[in-house]
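Those sequence lines, one after another, are chains A and B. Residue 72 in my numbering sits at position 72 of the first sequence, and the numbers go up by one each step. Residue 293 in my numbering sits at position 121 of the second sequence, and the numbers go up by one each step.
Honestly, the hints are just simulated from the structure, not real lab data. Note that CB positions come from ideal geometry on N, CA and C, so glycine has one too. Be a bit skeptical, because a hint or two may be false.
In silico contact screen, one side only, chain A against chain B (beta carbon under 7 Å); selected entries [as the list claims (entries may be wrong)]:
| id | residue |
| --- | --- |
| 1 | Leu46 |
| 2 | Trp57 |
| 3 | Leu73 |
| 4 | Thr89 |
The calculated label-pair distances, taken between Cβ atoms and stated as ranges, are [unchecked claim]:
| id | chain 1 | residue 1 | chain 2 | residue 2 | range |
| --- | --- | --- | --- | --- | --- |
| 5 | A | Phe108 | B | Ile198 | 34 to 42 Å |
| 6 | B | Gln261 | A | Gly137 | 27 to 35 Å |
| 7 | B | Thr194 | A | Asp171 | 44 to 52 Å |
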Amino acid sequence: MSRRDESSKDDLFRLIDESSIEDDAAIEPEAAKLASPASKEPPEPLINHPVAIVLAWAVGLIFAIQPLVNPILPEHDLETRPRLKVLGTEMYHEAHRIETYHRITGRFPDYLNEAFDEFEISWDTSGDLEYQKQPNGYSITGRLEGLELVYRHGDDPEVLLHDPAIYARPDQ
Amino acid sequence: MRWTRLDLLLVIFPLAVGFVITAERIHVGYGLASQASQVTENIDRIANAVEKYRANTGSWFPPLNEDEPRADSNLVYLNVFDMEAEVFQGLLDEWFYIENNAGLILQLARFHADTAPIVAKHTFDRPFAEGDPYLRLMIGYGDRMPEEDRILSMVRERMPAGSFVRIDDHFYLIDLREVIDEST
C-alpha cells in the first residue's frame, strides 16, 4: 500500500472516530433529557373547567330543591272538628262514591279494592271504614274510641254530616 | 382548554336533574290547574242555571215535596242517594258527577233553617234567607287528598272574595249568591 493510501486510510479512520464521538455527543443530551423527570410533560388534568362545574351544580341545586321549598301539594292542616263528625263526613264521602259506582255500573261493588279506572276515581278512605255488601244494598261501618257508626243503604245520608251520633252504638 | 369527559359529566348531570324535576312540576301543576278549571266551569254553569231559573220563576228552587220520606234529601242536588228525584230544570247531572269534578263532591243545596248546625243563617257575611242557594264541596280522605286539596285551593282563588267557608279540612261551602252576583 502506498503512503498516500495509508494516509487516506488514516484519514478515513479518523473521520469515523470523530463522527462516532459527535453522534455520542448528539445522542447524549437527548438521552439525558429523557432520563430527567423535569423534562416530562405534565399529565392532562381531569377537570379543566371547575367554575362551569360549580355553576352547573348551583343551578341544578336551585331547581332540585324547589319541591322542598315550594311544594305543589302542601301539607294538610290538622283536623279541628270533633272526630265523630269527621268520621261521619268520611262515611258520607264513601257512601257517595258507592252510590256513584251504582249509578255507573248498575250494581253495588262486592268489595272496595276496585277502582273506577275509566273515570279515575278510587276508594280513597283513610282505612278506618269497613264496607260490606248486603242483599238489599250495602253497609259502611266506622269505628272510633269504643263507638261504632253504621250507615246502611236507604238511611238518610245527611245525618252523617249533621249529626252522626244518631247512627252511633257501642263497639261490639 | 378543551373539555374533559369528567367536565362534561359534572356539568350535564346536575342540569339534567334540575330540568327533569322542573318539567315534572310544570306537568303536574298544569294538570291540577286544568282540573281546577273544569270544577270552576261547572260551578259557573250551576250558578247560571240557578239564576236563570230564578229569573223565570221568581224562586231559587222548585217547591219542596214535603211528602218525600226524607225532606232533607230534597235540599241537595245532585242527590246520588236518590237518583229518581225530580230533575231541577236547567241543571245537568254531568256538572255534579265526581268524575267530572276531579274527584270532588260538588252539590247544590238550599238553605233550610233546620239544617243547622252545618249551615247556619250567618255562615256567610250575607245572612241566608229560607231557600237561598249554596254549594257544598267535599274532598276525600285517601291518597288523592293532597291533590284534591290543591285543586280546591285553586278553585277558591277563582271564586269571589268571601264566598268560601271552611267547615273542616274536607268540607267547604260556597255562597252561590256571591258567584251569581259576580257574574251578572
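We went through each hint and held it up to the structure:
no.: 1; hint: Leu46; verdict: 5 Å, holds
no.: 2; hint: Trp57; verdict: 5 Å, holds
no.: 3; hint: Leu73; verdict: 4 Å, holds
no.: 4; hint: Thr89; verdict: 6 Å, holds
no.: 5; hint: Phe108(A) <-> Ile198(B): 34 to 42 Å; verdict: 40 Å, holds
no.: 6; hint: Gln261(B) <-> Gly137(A): 27 to 35 Å; verdict: 30 Å, holds
no.: 7; hint: Thr194(B) <-> Asp171(A): 44 to 52 Å; verdict: 50 Å, holds
Comparing the model with each earlier hint shows no violations; every hint is respected.
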